[in-house]
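> Listed below, chain by chain, are the residues.
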Amino acid sequence: MKRIGIADTTFARVDMYKYAKRRLEETGTYFVVERYTVPGVKDLPVACKILLDQRGCDMAIALGMPGPKDIDKVCAHEASTGLIQVQLQTCKHIIEVFVHEDEAEDDKELAWLARRRVEEHAENAYNLLFHPEKLSKMAGTGARQGFEDKGSAEGLTSAGSQGRH
Amino acid sequence: MKRIGIADTTFARVDMYKYAKRRLEETGTYFVVERYTVPGVKDLPVACKILLDQRGCDMAIALGMPGPKDIDKVCAHEASTGLIQVQLQTCKHIIEVFVHEDEAEDDKELAWLARRRVEEHAENAYNLLFHPEKLSKMAGTGARQGFEDKGSAEGLTSAGSQGRH
Amino acid sequence: MKRIGIADTTFARVDMYKYAKRRLEETGTYFVVERYTVPGVKDLPVACKILLDQRGCDMAIALGMPGPKDIDKVCAHEASTGLIQVQLQTCKHIIEVFVHEDEAEDDKELAWLARRRVEEHAENAYNLLFHPEKLSKMAGTGARQGFEDKGSAEGLTSAGSQGRH
Amino acid sequence: MKRIGIADTTFARVDMYKYAKRRLEETGTYFVVERYTVPGVKDLPVACKILLDQRGCDMAIALGMPGPKDIDKVCAHEASTGLIQVQLQTCKHIIEVFVHEDEAEDDKELAWLARRRVEEHAENAYNLLFHPEKLSKMAGTGARQGFEDKGSAEGLTSAGSQGRH
Amino acid sequence: MKRIGIADTTFARVDMYKYAKRRLEETGTYFVVERYTVPGVKDLPVACKILLDQRGCDMAIALGMPGPKDIDKVCAHEASTGLIQVQLQTCKHIIEVFVHEDEAEDDKELAWLARRRVEEHAENAYNLLFHPEKLSKMAGTGARQGFEDKGSAEGLTSAGSQGRH
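Chains as they are written, first to last, in the working numbering: chain P, 207 to 371; chain X, 207 to 371; chain H, 207 to 371; chain V, 207 to 371; chain C, 207 to 371.
Excised from the complex, chain P in its bound form:
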């Protein structure tokens, strides 16, 4: 039985946690989910550290939605830097799923984008933990999470990418 930590924020404008948990459960079994909610993205690194170090999680998913202003971009950068440090300290993966508010044109697209990116990254997280060979099959295929895949520049496809968009 594995333990997957999910850290999310009150700042985000979409309930990303719900989509992450549901997709994980649709994708496979043999894991439990542990949730940790913080105010904003800069609080995510220590939340993930606590999940991985003190609550026995084998991996974490960090869900955040940085705002559109310059200062928000800086916050996201600080958060990402911290999330990488936590991974190096714990030797465990944290799948960062950030959706920038200004990636979408309106609330409807934002909700759509957030859901889809969360779901596709939930699959990545599951595979990293249970089926890492599936990721190798998709290597170099230009996979994207949220918007459409960009595809291979060499015209390649891969078995692993069949079910992807």
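Among the hints, a few may not be true.
Just so you know, same-sequence chains aren't split out, so a pair can sit in one copy or run between any two.
Said to hold, decoys possible - Derived DSSO-like pairs: lysine-lysine, alpha-carbon spacing no greater than 30 Å straight-line: (1) K227 with K314; (2) K208 with K275; (3) K343 with K275; (4) K340 with K275; (5) K208 with K279; (6) K356 with K340; (7) K227 with K208; (8) K314 with K208; (9) K356 with K208; (10) K343 with K279; (11) K343 with K314; (12) K340 with K208; (13) K340 with K279; (14) K356 with K343; (15) K314 with K224; (16) K279 with K356.
These aren't lab readings, by the way, just hints derived from the structure by calculation.
Place chains X, H, V and C on chain P using the hints.
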């Protein structure tokens, strides 16, 4: 009995400490406050480290007011990076409450903004320490501290956000 | 027998792994390759850490293809910073091979550039591990990986650079 | 008896050390000063680390004067980031006193600014070490070092700020 | 007998190592030089770490020549950040000698600039290791490496700077 550290600066143009302490005390009990004042935001990381590591605090609140110039933005970024490092070293939360001088149009708005952001983050800090489940109820609701909440992009509300603005 | 770790991504639009492995094998012997595929460049640092710390690799090659947007540039910077940290934690080299999507004008050039940069860096990796003196012979000669070498500003050539472009 | 380390540079265009030492001695007693001179600001972090870790200093003052070019700004940022890391590693304060060459219009103002900022920060350093309560009295009063204080946005003054400009 | 590590790159367009070693030997004795060549500046941090930690060097000199593009500036920043981290981990100095390609107008000036900056920093390195008091005599005099010294803003000169340009 918990111990909440509050680090503040002589550089800030509003007595943020006063509002933080008062709101914490209005929100709940079973904690004491330990204060540490430094010159500017770049001194906050080690102040918080000392509060968390040497003075037995369970969490810290870092209060700062970066100036409007480019160099001030860089200082704030360095301070934030340091505050995240301290959290990862101590496995404890630091709630960073920075109010940028140029977020407000005049001194009056600056004082108003600083007070309100401090107070709302004091509630976040209290909840993280005593009622983390309250934050999960507010997850994904687009909560903001200071200016108005932005709200959910999915039209959701949450029980936990009822008392918020 | 040495162990060379290669970390690659599903985000990349070229199968960089294939070219790295093949060129390593064309260059020499006495090593085995261990592969680790992750979603994107920000996942490479912990992948390399795991390769170097937990899977006994003596060196790693980190293959990535950052996108053309500002946010992609920031991601690449965060990844590079993390890759340097891993090297300092393990005292082992990670040869970072990043090809930015906007370095090439179209898919064909992108595929060409990625392949050539990967291959030339695979030689660097091999030499660092088995023949470090070859690198010293090429020092200061303005070697580049992918596009043409820039050459010495002093009009020097070196024995070591003979086989290079 | 306390030990205050002062690190300075040959790059700076003002003898900042002289002003720091003199003002410390005018402000109080029960300390000795240990000096460490390096070429530029990027050498200050390890100099301070050596002062704090190997030469028994209880605190350090880092004196630097970054140049006016973009690359100088980046160097200053790298130095500041390093100085914060040293503080977190040693749990001791480093008061960073950087005067950017382009803050002043000519050499005369530069010398004046550097001297005044150094002197006011020397007082901060002394107080942090011997009278931290004095800093708390000045908290939120908009204190500045070098140019004029900006003052409180709430119209407050404080006993502690009486002797300031 | 001291041990000075010199790390250089194949990316650089001038054989900086040669000038560093020669000037060190012209400046004094009682040291040996240990060389380590890597592909580019981002490989310098771990090279220096290996020199200082595993090959018994007392100090290192990191020689690099970042290119003129934005991405090259970012690489140089990442390298510098890493070099500072290594210094803090080892408590030893690394004298970073970076010459940016776009500091010079043509190859001839680039070669001249690189040589002179390397030589002047080789003297700094020697003095830090053997005669730190010489650096203190030059403190605050506006010393530069490569282009002309900027001089003191206070009209001061120092005994230590007599032999400088």
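> With reference to the structure, classify each hint as holding or not holding.
Hints and how they fare:
no., hint, in the structure
1, K227 with K314, "within (21 Å within a copy, 40 Å between copies)"
2, K208 with K275, "neither (38 Å within a copy, 36 Å between copies)"
3, K343 with K275, "between (38 Å within a copy, 26 Å between copies)"
4, K340 with K275, "between (37 Å within a copy, 27 Å between copies)"
5, K208 with K279, "neither (33 Å within a copy, 34 Å between copies)"
6, K356 with K340, "within (18 Å within a copy, 39 Å between copies)"
7, K227 with K208, "within (14 Å within a copy, 32 Å between copies)"
8, K314 with K208, "neither (34 Å within a copy, 43 Å between copies)"
9, K356 with K208, "neither (32 Å within a copy, 36 Å between copies)"
10, K343 with K279, "between (33 Å within a copy, 26 Å between copies)"
11, K343 with K314, "between (33 Å within a copy, 22 Å between copies)"
12, K340 with K208, "both (18 Å within a copy, 26 Å between copies)"
13, K340 with K279, "between (32 Å within a copy, 27 Å between copies)"
14, K356 with K343, "within (16 Å within a copy, 36 Å between copies)"
15, K314 with K224, "within (17 Å within a copy, 41 Å between copies)"
16, K279 with K356, "both (24 Å within a copy, 17 Å between copies)"
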